[in-house]
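Novice: Here's the letter readout for the chains.
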Amino acid sequence: MSQKILAKNKLDAFLQGLCRDQDLFAPVMKDGKVGWAPVATADQALWDFSNTEMSPKDFFFPQTECMMRFKNVQGDPQGMIMQAEPALNRPRVLLNIRPCDAKAFQVLDLIFVQDEMTNDLYWRDKREKTTLIGLACNDPCPTCFCTTVGSNPHGTTGLDVLLVDLGDKFLAQALTAKGEALVGDLPAAAGGDEAKAAELKKAAEGKISGGVAMDKVNSREVMELYDAPLWDRVMESCLNCGTCTFCCPTCHCFDIQDETQGQDGRRVRNWDYCMSWLFTMHGTGHNPRGTKKDRVRQRFMHKFKYIPVKRGGEIGCVGCGRCVRLCPVNIDVRQVVNDMNA
Amino acid sequence: MFARRRFAVLKNLLEYVGIEPGRLHFSWISSAEAEKFQKTVAAVTEDVKALGPAQHMIKDIRKVA
Amino acid sequence: MEAIAQKIREAAKRLLSEGKVDVVIGYAKGTVPMREYPYFAYTPEEAENLTWSSFCCNNLALYTIRRPGRMAVVAQGCVSRNLVNLINENQFKRDDLYVIGVNSPGMVDRRKVQALFPGKTITEVIEEPEHLLVKGQGFEERLERKKVFRSNCLTCVQRNPVISDEMIGEVGPEGHGGNIDKVAAPWEKLVPAERWTEMQETLKDCIRCYACRDACPLCYCHVCFVDEAQPQWCGKTQDEADVATFHILRAFHCAGRCTDCGACESACPQGIKMRRLTSKIEKDIRALYGYRPGMEIGAQPPMSLFKPNDPQDFIK
Amino acid sequence: MRNTYVPYPVSIKEVRVETEDKQLKSFWLQFLNSEDASAFNYTPGQFAELSISGYGEIPIGIASSPTEGRDLLFTVNKVGSVSSRLHNMKAGDIMGVRGPLGNSYPLRAAKGKNIVIVAGGFAVTTLRSTMNWLLHPDHRGDYGEITFIYGARTPGMLLYTQEWTAWQNSGQAKVCVTVDREAPGWSGLVGFVPTVTGDVAPKPDNAIALICGPPIMIKFTQPVFDKLGWQSDQIIMSLENRMKCGIGICGRCNVGPEYVCKDGPVFTKTQLDKLPREY
Amino acid sequence: MSENAEFSPRIAAFLCNWCSYGAADLAGVSRLQYPPNIQVIRIPCTGRMSPKFILAAFRKGVDGVWVSG
Numbered sequence: 001m002s003q004k005i006l007a008k009n010k011l012d013a014f015l016q017g018l019c020r021d022q023d024l025f026a027p028v029m030k031d032g033k034v035g036w037a038p039v040a041t042a043d044q045a046l047w048d049f050s051n052t053e054m055s056p057k058d059f060f061f062p063q064t065e066c067m068m069r070f071k072n073v074q075g076d077p078q079g080m081i082m083q084a085e086p087a088l089n090r091p092r093v094l095l096n097i098r099p100c101d102a103k104a105f106q107v108l109d110l111i112f113v114q115d116e117m118t119n120d121l122y123w124r125d126k127r128e129k130t131t132l133i134g135l136a137c138n139d140p141c142p143t144c145f146c147t148t149v150g151s152n153p154h155g156t157t158g159l160d161v162l163l164v165d166l167g168d169k170f171l172a173q174a175l176t177a178k179g180e181a182l183v184g185d186l187p188a189a190a191g192g193d194e195a196k197a198a199e200l201k202k203a204a205e206g207k208i209s210g211g212v213a214m215d216k217v218n219s220r221e222v223m224e225l226y227d228a229p230l231w232d233r234v235m236e237s238c239l240n241c242g243t244c245t246f247c248c249p250t251c252h253c254f255d256i257q258d259e260t261q262g263q264d265g266r267r268v269r270n271w272d273y274c275m276s277w278l279f280t281m282h283g284t285g286h287n288p289r290g291t292k293k294d295r296v297r298q299r300f301m302h303k304f305k306y307i308p309v310k311r312g313g314e315i316g317c318v319g320c321g322r323c324v325r326l327c328p329v330n331i332d333v334r335q336v337v338n339d340m341n342a
Numbered sequence: 001m002f003a004r005r006r007f008a009v010l011k012n013l014l015e016y017v018g019i020e021p022g023r024l025h026f027s028w029i030s031s032a033e034a035e036k037f038q039k040t041v042a043a044v045t046e047d048v049k050a051l052g053p054a055q056h057m058i059k060d061i062r063k064v065a
Numbered sequence: 001m002e003a004i005a006q007k008i009r010e011a012a013k014r015l016l017s018e019g020k021v022d023v024v025i026g027y028a029k030g031t032v033p034m035r036e037y038p039y040f041a042y043t044p045e046e047a048e049n050l051t052w053s054s055f056c057c058n059n060l061a062l063y064t065i066r067r068p069g070r071m072a073v074v075a076q077g078c079v080s081r082n083l084v085n086l087i088n089e090n091q092f093k094r095d096d097l098y099v100i101g102v103n104s105p106g107m108v109d110r111r112k113v114q115a116l117f118p119g120k121t122i123t124e125v126i127e128e129p130e131h132l133l134v135k136g137q138g139f140e141e142r143l144e145r146k147k148v149f150r151s152n153c154l155t156c157v158q159r160n161p162v163i164s165d166e167m168i169g170e171v172g173p174e175g176h177g178g179n180i181d182k183v184a185a186p187w188e189k190l191v192p193a194e195r196w197t198e199m200q201e202t203l204k205d206c207i208r209c210y211a212c213r214d215a216c217p218l219c220y221c222h223v224c225f226v227d228e229a230q231p232q233w234c235g236k237t238q239d240e241a242d243v244a245t246f247h248i249l250r251a252f253h254c255a256g257r258c259t260d261c262g263a264c265e266s267a268c269p270q271g272i273k274m275r276r277l278t279s280k281i282e283k284d285i286r287a288l289y290g291y292r293p294g295m296e297i298g299a300q301p302p303m304s305l306f307k308p309n310d311p312q313d314f315i316k
Numbered sequence: 001m002r003n004t005y006v007p008y009p010v011s012i013k014e015v016r017v018e019t020e021d022k023q024l025k026s027f028w029l030q031f032l033n034s035e036d037a038s039a040f041n042y043t044p045g046q047f048a049e050l051s052i053s054g055y056g057e058i059p060i061g062i063a064s065s066p067t068e069g070r071d072l073l074f075t076v077n078k079v080g081s082v083s084s085r086l087h088n089m090k091a092g093d094i095m096g097v098r099g100p101l102g103n104s105y106p107l108r109a110a111k112g113k114n115i116v117i118v119a120g121g122f123a124v125t126t127l128r129s130t131m132n133w134l135l136h137p138d139h140r141g142d143y144g145e146i147t148f149i150y151g152a153r154t155p156g157m158l159l160y161t162q163e164w165t166a167w168q169n170s171g172q173a174k175v176c177v178t179v180d181r182e183a184p185g186w187s188g189l190v191g192f193v194p195t196v197t198g199d200v201a202p203k204p205d206n207a208i209a210l211i212c213g214p215p216i217m218i219k220f221t222q223p224v225f226d227k228l229g230w231q232s233d234q235i236i237m238s239l240e241n242r243m244k245c246g247i248g249i250c251g252r253c254n255v256g257p258e259y260v261c262k263d264g265p266v267f268t269k270t271q272l273d274k275l276p277r278e279y
Numbered sequence: 001m002s003e004n005a006e007f008s009p010r011i012a013a014f015l016c017n018w019c020s021y022g023a024a025d026l027a028g029v030s031r032l033q034y035p036p037n038i039q040v041i042r043i044p045c046t047g048r049m050s051p052k053f054i055l056a057a058f059r060k061g062v063d064g065v066w067v068s069g
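Sequences listed follow chains P, B, W, A and H, in order. For the first sequence, counting from 1, position 216 maps to 216 in this note's numbering; every step adds exactly one. For the second sequence, counting from 1, position 37 maps to 37 in this note's numbering; every step adds exactly one. For the third sequence, counting from 1, position 271 maps to 271 in this note's numbering; every step adds exactly one. For the fourth sequence, counting from 1, position 253 maps to 253 in this note's numbering; every step adds exactly one. For the fifth sequence, counting from 1, position 39 maps to 39 in this note's numbering; every step adds exactly one.
It should be emphasised that the hints constitute simulated quantities derived from the structure, not laboratory data. Glycine included, C-beta positions come from ideal geometry on N, C-alpha and C. Check before you lean on any hint, since a few could be wrong.
[Said to hold, decoys possible] Not the full set, but computed from the structure, chain P residues with beta-carbon under 10 Å of chain W:
1) Gly32
2) Thr143
3) Thr147
4) Leu230
5) Arg233
6) Ser237
7) Cys238
8) Gly242
9) Trp271
10) Val309
11) Arg311
12) Leu326
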């Protein structure tokens, strides 16, 4: 695919083109935090930031999502019959998404869309109608460890276009037909630009100091890791709150509930988290993951063993480091995985 | 009597977050005070009526979510 | 600070090697700047990992709940008050607890520090007596510690532990100069409509992870009201009524018990200021019933008590 | 592409109280749309999410057999809010069914073999489906000896009495029904399922066993099979875990890497031996 | 509801079984007229009253709550 140049003084024109028929979102600074918001001009968006505080997964998998509605009247011909909510009516562009977050969507594609039965139309619809324009990381944070879990600060997986900040301009790499359509009209890059981008990539990779080793985790059996003694220490300080799962770009557990209000009713799904004791509680009172240890172990086993076993080696972690930064008791996923690998 | 302390704190808290004081009422009525009951119902209804329909704390599931 | 940390380690080693306690619960150095984490030392060797700094923001009293055996807890003023609370609420016996008391230097709010360097990555923070030396990619700056205290530490009234079996370092002065009554209940001056808007603004980023609840040493119910399913008191959605229900009831459950330790705000991944709610309750309890939680073993919690002359103007 | 979260609308055709404590009721459900009925292709061992608008969904094993026609049978224990609501519903009410979900008993792979079925309590539902399927004239000839062992606490707690009596009388299968303790009017077997299984002593040669029941029954039945020389891959069990989506996404029913809703609920003992006991 | 119609509030009334509920009963027996806006929920004692009930009532859309012992 083609390599183009997007000059920084041409950004507004480029963004205008993007938001003509689509909703355009980008990271912005709000109350001292980096979050996502609709933008129309280049100066509204952030171009120099580490990453958004929360993962952008709620664009495809909102924390609260109405799935169906029904008329809450038994006896009415249409009463009590579930009708799916309409699909997204306008396509979207996410600008300046980080490569790790884009990679996470591809991991989630493997889970939300597996076959004819396991085929989440809510997820798929939004994925298909969204274009992802990535912004390569030239300055990874000390908590980033993407290169050790199969991702990269300049990674292209899951993106339609990757922008690399070359100082006075961006190198725009089209990665899909959708991306090609967006940047096709831009001037072509010169050999020197690509070489500079390659240098920046190498430098960025070099800045990632910490990381995880996975070789032994991969070769060990499920039960060997499950019974390992490390979990007794990992769980000790854990609060069993939902922070790590809610900020995580690949965590995707949810709960489905019905709500009624007079003659209206809806079925809605909300993010849920494996740290909650209620999550697996049976109606009979039996709980298969009844202790804090079971629940803490589940999160790490799910990401680093269960998903790889089931999804052809793909890891359920992209190394964004959000959980490391936000965990109220500083449970560091890098340490946990390295202990699993010890 | 224990409830009284709880109600006091709760009433203050709800007022504090912006629920109009007139929306929440407490009263003591003994089972013999039918007239006080009648009067209190009327007073409570008047107070709430004066405030108009509630605006806060209502969960509206018809909204898009 | 390091001298105190050294003394804590020595005390812990002594307690563990003499077999006085099974575990020492303290803080260890975190893997990211400005974040120490709760640490459990079972052996004198493990006690080497204990530390003390102005980033010890978790309330360790939390970990004593339903924990069998004899434990020692590193406790500054607020933690000790929560320990007293728990003893008064019969969660464990005073005899099973050994308090390693420390005067709190006032803990630092890492969000306040970060806010001074927007968009920049802080890689290291070094403690100096009155200052913090903040280092990052391409910058280095010295901050006055007092300017970046957690808000609750600024208005703290109990820096020294109320109970301790052993005091580490000196008993220091109480208070940091802030006046709680001036900052508590910030919405009181607003009209009702503005108050509701302010609350929505405060809570708008809440992701319902319940870290505030889970980090709080008051919240030890087996089944929290938000987890009750039949009937469900609080919906799980992001609807403002559901979010507000959670925060209002959580705050209410702290009535007469909250020590304003700030663990909730420090735990929140979104930086929500939920003390705007709890400080109102703390203030009311003081004004109405003249009570400060956790100051004295054996004190009756105000919400399980009544006096014939309690205020009741609001009741018709 | 069909939205697999949206249940098919069905109406309740018939409600039957199954047990003396009235905690179990059976529901025959009829599809409102005939194309939905044809789309719902299932085999014994699968389950479906019963959807009651305003209350939610519960995963329940399908008790009918596809050989019985298009209507579906579910037997539901009253425990939570959805099942309690269902127990209060009557013929003609509209609800929903989503499925079929999960895998099924490996009956086609077991052609030519003897089959031993062990059921305890109300876990007999999908095994009722299996028995009806096996005894159907189209299938009976494909299998050897069929043994059906079923136990409940009291005679009044036994489900589908008419049906198993008919199987017994047909001579097509060896039917051993037992209750835990002597009871007035009960002339059949008395004793726990594991004991009865030991007495019947099914032979492992060219056979598979399908076991479904409460964990305690499974725990004590397994050693009986081991003693009789059965291999782990001959023993097939059906698990239950809390579920929501039913299609392997929502994350709560997994046992290790396997999702009970999608990769199960039917597992061989060989598979389960390699998995955490999170069920 | 049309704009002109007079607003008729919905009020959840939590009444203690031994006090106000009895008073309500007596009011009924005595044929005392009172506004029909209240929906009565009988509670065994005011001590059973939980703040959860009050918030739940508001969430369900009542315009006012009245608790009476």
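Novice: Next, verify each hint and record whether it holds.
Specialist: Here is how each hint holds up against the structure:
1. Gly32: 5 Å, holds
2. Thr143: 6 Å, holds
3. Thr147: 17 Å, violated
4. Leu230: 14 Å, violated
5. Arg233: Check passed: Cβ of P:Arg233 comes within 8 Å of chain W, closer than 10 Å.
6. Ser237: Given a least distance of 4 Å, the restraint on P:Ser237 holds.
7. Cys238: 9 Å, holds
8. Gly242: Since the shortest Cβ distance to chain W is 4 Å, the answer is holds.
9. Trp271: For P:Trp271, the interface hint holds, since the closest Cβ of chain W sits about 8 Å away, which is under 10 Å.
10. Val309: 28 Å, violated
11. Arg311: 26 Å, violated
12. Leu326: Holds: closest Cβ of chain W sits about 4 Å from P:Leu326, inside 10 Å.
The structure fails hints 3, 4, 10 and 11 (numbered hints given earlier, in ascending order).
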